[in-house]
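> In case you want the letters, here they are:
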Amino acid sequence: MNSVLAAEILKVRKRWMPYVLLLVMIAGAAVLIWLIGYVGYQEDQQGEFAGDAFRTFAFPWSIAALLDSGQFWGAAIFVAILTSSTVSTEYNWGTVRQALIRGQPRWQFLAAKLLGTAIVCIVFLLIAFGVGILFSIIATSAEGKPITLDVPGGPSLSVVVLMVLRSAAGIIPYGLLAFALAVIGRSTALGIAGTLGYMLGEGIVVAILDSIGGIAADFREIAIGHHVASLAAANRIGSGDYNSIAARELPVSADLPDVWIASLVVCLYSVVFAAVAFFVFQRRDLRSSDR
Amino acid sequence: MRGRTGPSGRPCNASLTHRAAGSILASVPPADSDIVLRTVRLTKRYGRRIALADLDLEVRRGRVHGFLGPNGAGKTTCISLILGLIAPAGGHVEMLGLDTRTQLSQALRRTGAILEGPAFYPHLSARDNLRIWGALSGSAEDRRIDEVLALTGLQARGRDKVRGYSLGMTQRLGLASALLHDPELLILDEPTNGLDPAGMREFRGLIRELGAAGKTVFVSSHLLNEVEQMCDDVAIIKEGRLITQGPVAALVRRGDALELTTTDNERAQTVIRTLKGVGSVTREQDCLVVEASRERAAEISRALAEEQIYLWELKPRESSLEDFFLEVTSEGNARE
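Line by line, the protein sequences give chains A and B.
Counting along the first sequence from 1, when you hit position 256 you're at 256 in our numbering, and nothing is skipped either side.
Counting along the second sequence from 1, when you hit position 63 you're at 354 in our numbering, and nothing is skipped either side.
Bear in mind the hints are in silico, worked out from the structure with no lab data behind them.
Heads up, some of the hints might be wrong.
Simulated restraints on C-beta separations [unchecked claim]:
no., chain 1, residue 1, chain 2, residue 2, range
1, B, 337, A, 17, 54 to 62 Å
2, A, 35, B, 340, 56 to 64 Å
3, B, 450, A, 157, 55 to 63 Å
Covered stretches of chain A (chain B as the covering partner; in silico rule of three or more C-beta atoms under 8 Å from a C-beta of chain B) [as the list claims (entries may be wrong)]:
no., stretch
4, 6–14
5, 276–287
Just a sample of chain B residues kept apart from chain A, beta carbon distances all over 12 Å, derived [to be verified]:
no., residue
6, 401
7, 407
8, 532
9, 557
10, 590
Ideal Cβ placement from N, Cα and C applies to all residues, glycine included.
Please build the complete structure, drawing on both the sequences and the hints.
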């Protein structure tokens with residue numbers, strides 16, 4: 001399995017797409033830290049949103065801001081695009097058939113693809129996150145503030161790791177949704193559009209149903225975004241509510257499900273999406289016209 | 292029978308009557324251990340359309356086995372079924388003594404295959420592609436990659452990205468990838484598509500060498516000449532049904548008819564019809580076709596000379612695989 005995984009990583013890392021997406025994510029981190037955070041704070045230090053702007057760019061609060069906004073606007077989209085592309089290009093190039101006639105079981109082919117893509121995603125997302133933190137450190141220094149985790153309610157290093165893991169958990173269901181859609185539709189477009197459509201559409205539907213009230217409002221309890229928001233909210237540093245620019249409903253932390261329940265729900269969705277992908281792929285006829 | 296030349300040019304273009312399709316199966320059935328690939332009543336349906344119907348194929352060890360059929364006959368469907376890419380509606384496949392319903396992966400690890408139009412990662416070099424395929428087959432050593440690149444004439448272009456390859460080079464790379472793990476059985480679907488005449492000739496030579504080296508090769512093609520030149524056995528399908536299979540030598544019979552041109556064909560026809568041991572005598576363009584063995588030639592020439600009819604030309608007619616194929620794939624010959 002190791003050599004199969006290495007082969008999978010070789011395929012992905014020699015494509016230009018992950019590098020372009022990495023640049024886009026780094027650009028996004030720059031916009032968040034410098035434009036929304038630093039410049040926003042400089043322009044209105046006494047204003048209503050000065051605190052939010054400060055917590056967006058200043059270290060260590062920027063960790064939470066980068067993880068939450070990055071999770072929604074960067075990571076989930078990055079993962080959806082890369083995952084959909086790595087799956088559907090195997091169909092487009094006809095290499096899926098070529099791989100399977102070498103005796104690789106179908107489950108192993110898909111598992112290797114999932115794992116290989118996940119490893120590339122993790123590496124690239126950590127690089128983008130690292131560059132974002134670097135921006136934050138520079139901006140914090142420019143503001144004359146100390147670079148330290150030792151602030152009121154500040155996280156320890158292990159808590160920072162936990163925060164990263166929570167964010168990762170919030171990305172996984174969207175990545176697997178993209179994976180399942182790409183496997184089912186053999187299409188990069190379906191994987192990306194379906195996932196982004198779901199992410200944005202869910203927020204809209206939840207808002208509409210919430211305004212209707214009653215049982216309709218309870219729909220949010222089964223929405224992925226609602227539980228991902230719970231994971232993001234658990235990442236807040238210090239007092240005050242969490243700071244997010246994600247385009248999903250943003251209830252106050254008290255209205256969000258418990259973080260463990262949220263983790264369970266997110267995990268359940270992930271398992272369902274993966275199971276659908278494996279089930280479909282295992283039973284599918286791979287004809288020459290599928291290339 | 293490898294290395295046989297194709298049919299010689301003939302002045303007449305009509306085909307001879309062959310033995311009934313299906314009666315040319317090898318007279319002595321091979322032992323089970325000799326069968327490397329067997330399909331048992333293999334069937335595939337797409338909706339109401341039957342793509343393959345109760346196909347029983349047998350490929351013997353160490354033989355080059357051709358798989359002939361017109362376009363759309365079901366060759367690629369059959370190969371996809373054998374390789375487990377599509378699921379049968381009925382029947383099963385036994386490969387290298389393994390039942391692929393339960394041991395597909397094990398069987399495929401000992402098999403090399405080229406699918407119709409081999410596929411590669413275009414952004415990677417040939418070497419990287421072979422490394423990937425090798426990793427899947429458990430044989431990604433650089434030394435072996437060098438060997439197969441050299442064997443297929445791609446050594447100098449091994450570091451080039453595959454997206455810059457011609458179709459012929461891609462076919463060669465397909466063969467290199469199929470040979471990478473030194474398989475016992477090779478399954479090749481239209482492997483010479485896209486090759487120029489020199490490439491096709493070279494490819495045929497390579498297949499024959501593999502056969503001579505003890506590999507079993509199952510190769511589909513719609514090119515009759517190609518199959519006739521490189522295969523020991525052949526199976527012919529049409530509309531998803533097996534029409535016949537057996538040694539090529541048994542299909543391409545020689546010397547069961549004579550072609551002759553005389554100074555007076557009309558009288559010659561009458562004279563020859565009076566001879567014993569001679570079958571039909573038919574006129575085709577400017578020659579006569581006499582259904583008789585080569586041994587009757589002297590008797591025929593003497594009888595004609597006695598009637599002062601002299602020969603311009605007398606030669607045995609060779610029937611070709613093409614004749615046979617066209618005959619058995621014409622309407623109404625599919626075995627029900």
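> If a hint holds in the structure, say so; if it doesn't, say that too.
Structure-based check of each hint:
Look at residue 337(B) against residue 17(A): about 35 Å separates their beta carbons, and that is not inside 54 to 62 Å. Under the hint 56 to 64 Å, the C-beta atoms of residue 35(A) and residue 340(B), about 60 Å apart, fit the expected range. Take residue 450(B) and residue 157(A): their Cβ atoms lie about 44 Å apart, and the range 55 to 63 Å is violated. Given a C-beta distance limit of less than 8 Å, the hint that chain B covers the stretch 6–14 of chain A holds, as 5 residues qualify and 3 suffice.
Under a criterion of three residues with beta carbons nearer than 8 Å to beta carbons of chain B, the stated coverage of the stretch 276–287 of chain A is upheld, 4 such residues being counted. With a least CB separation of 8 Å from chain A, residue 401(B) falls inside the 12 Å interface cut-off, contrary to its annotation. Against the 12 Å criterion, residue 407(B) falls within the reach of chain A, whose nearest CB is about 5 Å from its own CB. For residue 532(B), the condition that its CB be more than 12 Å from all CB atoms of chain A holds, with the nearest at approximately 20 Å.
Every Cβ of chain A is farther than 12 Å from the Cβ of residue 557(B); the closest lies at roughly 55 Å, confirming the non-interface assignment. With a least CB separation of 56 Å from chain A, residue 590(B) remains clear of the 12 Å interface cut-off, as annotated.
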